[in-house]
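One letter stands for each residue in the lines below.
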Amino acid sequence: MIHLYIRCAMYFCRDFLWRKGTIRAENKRMERNTALDQTAFNRLLSRVEKPARYIGGEWNSIVKPEAETRFALLFPDVYEIGMSHLGSRILYHALNSVEGVACERAFAPWPDMEQVLREEHIPLFSLETKRPLKEFDIVGFALLYEMCYTNILQMLDLSGIPLLAKDRGENDPLIICGGPCACNPTPVAAFMDAVLIGDGEEMTPEVTRAVQNAKRTGKSKAELLKELSTMRGVYVPSLKTDDTCVVRRIIKDLDAAAFTGEPIVPYLGIVHDRVALEVMRGCTRGCRFCQAGYIYRPIRERKSETLMELARQQIGCTGYDEVSLLSLSTGDYSEVHKLVPEIIREMEEGKVSVSLPSLRVDSELASDLKVMQTVRKAGLTFAPEAGTQRLRDVINKNVTEEDILRATQDAFSAGWSSVKLYFMIGLPTETDEDILGIAQLARKISWQFYQLPKEKRGKGLRLNVSVSTFVPKPFTAFQWYGQIPAEEIKRKQELLRNALKGIRGAELNCHFSLLSVLEAAFSRGDERLADVLLRAYQLGCRFDSWSEHFQSKAWAQAFADCGLSEQDYAQREYALEDALPWDFVDMLVTKAYLRREYKRALSGETTPDCRENCNGCFGARYETDCRM
Amino acid sequence: MKLIAAYHKGQEIAMISHLDIQRTLQRAFRRANLPLLYSNGFNPHPQFSFATAAATGMSSDCEWFDVELSQDVDPQEFMQRANAVMPRGMHISGAFVAPEPFGSLSAKLRAAEYRVSFQFEEPVSREKLAETLEAMLAGEIIIQKRTKGGIRPVDMRPYILRVSVGQVEGEQAALFVLGKLQADGGLRVDAFIDALLERLDAHGAYEIHRMNLYFAEDGLLPHLPAE
Chain A
1 MIHLYIRCAM
11 YFCRDFLWRK
21 GTIRAENKRM
31 ERNTALDQTA
41 FNRLLSRVEK
51 PARYIGGEWN
61 SIVKPEAETR
71 FALLFPDVYE
81 IGMSHLGSRI
91 LYHALNSVEG
101 VACERAFAPW
111 PDMEQVLREE
121 HIPLFSLETK
131 RPLKEFDIVG
141 FALLYEMCYT
151 NILQMLDLSG
161 IPLLAKDRGE
171 NDPLIICGGP
181 CACNPTPVAA
191 FMDAVLIGDG
201 EEMTPEVTRA
211 VQNAKRTGKS
221 KAELLKELST
231 MRGVYVPSLK
241 TDDTCVVRRI
251 IKDLDAAAFT
261 GEPIVPYLGI
271 VHDRVALEVM
281 RGCTRGCRFC
291 QAGYIYRPIR
301 ERKSETLMEL
311 ARQQIGCTGY
321 DEVSLLSLST
331 GDYSEVHKLV
341 PEIIREMEEG
351 KVSVSLPSLR
361 VDSELASDLK
371 VMQTVRKAGL
381 TFAPEAGTQR
391 LRDVINKNVT
401 EEDILRATQD
411 AFSAGWSSVK
421 LYFMIGLPTE
431 TDEDILGIAQ
441 LARKISWQFY
451 QLPKEKRGKG
461 LRLNVSVSTF
471 VPKPFTAFQW
481 YGQIPAEEIK
491 RKQELLRNAL
501 KGIRGAELNC
511 HFSLLSVLEA
521 AFSRGDERLA
531 DVLLRAYQLG
541 CRFDSWSEHF
551 QSKAWAQAFA
561 DCGLSEQDYA
571 QREYALEDAL
581 PWDFVDMLVT
591 KAYLRREYKR
601 ALSGETTPDC
611 RENCNGCFGA
621 RYETDCRM
Chain B
1 MKLIAAYHKG
11 QEIAMISHLD
21 IQRTLQRAFR
31 RANLPLLYSN
41 GFNPHPQFSF
51 ATAAATGMSS
61 DCEWFDVELS
71 QDVDPQEFMQ
81 RANAVMPRGM
91 HISGAFVAPE
101 PFGSLSAKLR
111 AAEYRVSFQF
121 EEPVSREKLA
131 ETLEAMLAGE
141 IIIQKRTKGG
151 IRPVDMRPYI
161 LRVSVGQVEG
171 EQAALFVLGK
181 LQADGGLRVD
191 AFIDALLERL
201 DAHGAYEIHR
211 MNLYFAEDGL
221 LPHLPAE
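Read top to bottom, the protein sequences are chains A and B. Per our numbering: the first sequence = residues 1 to 628. Per our numbering: the second sequence = residues 1 to 227.
The shape of chain A in the complex, shown without the other chains (with noise of 0.2 Å):
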């Protein structure tokens, strides 16, 4: 049965979904093609898995039938994690505010989508007007996570555009890339035609029309390029010489920046499925460790009247009955006790709660159990990252245990019995003692709980101990330190695991460890890599973040095919004046001022939130560029 009616489906697929301009010059069914087939379209998605990610339709969404310039806006993972990226939400608005230009999206077909596609030879199509990606003058992916490259061939593979930005011609679409990951972008250069690196909302609309100008003016792709590369923070790989620099784009002024607009409202569940603010960009704190931390400077912030206008704004055209504010450390934004408990009031009004999800444990606000109880009564999160106060201090996260404990002993009090704790192993200088820290903090954690009376605490606690490897990346002080190997985070994972027996209520959770080597591996990695991301699709490689779909043995062979090892890529350490792959990116933090803080870190000596005293990381070139 199910073999004839994928026959079936194949009959009426054969002309599927298509407008005038898209060939197939069937003649009578011409009429049907200016228009998309509905019926063919919903046969087509009965055989997967939530069809009602390929529907496009949501309300807000933007459909031009006309448009002069189109750009596709990609997403290389599923559509629930993808319409959950803020980011990509405000450059669909930015990108559809400009005249003449339509943004539309696409996600990575779930495989199963996939599969329907190839066996129908059907392109992989935008969710606006249904159109063949490789119709399109521009198609952008968001990089927010090395392992979702493989998803960025399959997109480019499953829309028949050459993946290999050498082999492509004049007629084929502009690829282009950026996003968090672009900031170390030679593992993917070679697929791309040109990176941006930065703050998008006002480069890529840039980019974009100098693409409607050079269409517009007959310009040949390497006079676009050529242009393209003198845009600041505007990276074009085949255009690369020893002297290239790219100097980081950044947005001045974040409260006229651009936002969502009006934003698209999902028929089906996201992952972040609320509306969501951003407060601020950028963080003080100066955790040696963090890439947003570095690659977000300087810290900018949004006016509590332009949030709260926002808020009303957005929840008004949506619908949602949620806000959440975002930044990489809300407690620490100016405003935060004025816009607090203001949003709650007035949102509490309209039935709407407030999520606050990255409130640090020291932050006034955090202690401060009254707002958070009008909030939703989740769990608690903290994330003392380290298990002593000595390794804290070399990572320069700056909470100390009676800061954990302090909020902990608050939270149980108050009726909270849930409790999720995230550290991190394989942290530069840690030893046994740093991986039986973690341990000890749950210990006294869980006794908190449990000596309060019966009649006075939670039902039972609930103490999550969420353990990561630590990747080192690209821009922070640890750039230069390797990550453990391999059997090194199983054995330390053993003894964290043995260690929290016999502690009540704790469980641990750790980090798939296999992908914590690929995700080192490729945040640092180099032009050569861009082989073995090829080798490891045609393997079947793809969804590599989704441990159903994660090859192990496919990346193996992929790196040993290629002549290459991701132990030694991971756990590759660089002298401190080696010359990096990523150096030829200026993200406006010195390396003086990383090396500085790596050797600081080595001795455990902390630095200040730049807030209080400056510390010069911009050095004396972009000091301008901040205004703390």
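Everything hinted at is true.
Far from chain B, some chain A residues (derived; all Cβ distances over 12 Å):
#1 Lys166
#2 Ala258
#3 Pro428
#4 Ser468
#5 Ala554
#6 Ala620
#7 Asp625
Distance condition first, Cα-Cα at most 25 Å in a straight line; then the derived SDA-like pairs of lysine to any residue:
#8 Lys50(A) x Gly10(B)
#9 Lys2(B) x Arg27(B)
#10 Lys501(A) x Leu405(A)
#11 Lys50(A) x Gly204(B)
#12 Lys166(A) x Glu135(A)
#13 Lys591(A) x Thr230(A)
#14 Lys599(A) x Asp583(A)
#15 Lys351(A) x Glu77(B)
#16 Lys351(A) x Met86(B)
#17 Lys148(B) x Glu49(A)
#18 Lys351(A) x Phe48(B)
#19 Lys444(A) x Glu433(A)
A short, non-exhaustive set of chain B residues, derived as facing chain A with CB atoms under 10 Å:
#20 Gln11
#21 Glu12
#22 Ile13
#23 Ser17
#24 Arg23
#25 Gln26
#26 Arg30
#27 Arg31
#28 Leu36
#29 Pro44
#30 Gly57
#31 Gly89
#32 Gln119
#33 Tyr206
To be clear, the hints were calculated from the coordinates, so they are not data collected in a lab. Only a predicted model underlies this, so the values are computations on that prediction, with no experimental measurement involved. Each residue gets a CB set at the ideal place from its N, CA and C atoms; glycine is no exception.
Model the placement of chain B on the given structure of chain A, informed by the hints.
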């Protein structure tokens, strides 16, 4: 006050699930600033209930539901305001004020009428379709129903009230099916159609569209004409 209303689920959104529909209606009503009545409790939510669920893949003209409002709203105004903010493929097609007490829609539900549109791989004649149906309806129609206790055979025949053949033209055909549908069970149209295809020894694709829901007679909701 309680409003009884019906929504239309078009082809464009046939592939969304019942859960998606619930979310979509709730958000649309919030956008329309309708005075929804929220439940008490830590996570207040608006109070909706549906006569029955609309299956993923099925389109429909008549999905009845009720919604509690904290203030009186004229049903016409309710429809206008909601329809101004509905996504493509969805709209409220009717609404009236529920008299007190009204009871639950799902308890009143009795039957549903469907239009099934076929696209066969090869032409199927009206005679063959009619004969096959007649033969099927003369006996038991056993399908394998998935239940909590595993898969068990169920006879669909008692749930089928009427089947008629609509237009037949080449590879295309339409069928109208009236089946029992109650809170405790009813006709599984897709299973019945799969069984029909098997008997026909024909291959093809089909779409199911729900044309009507019928309820116990109360003078307000559509009900089955006495036969």
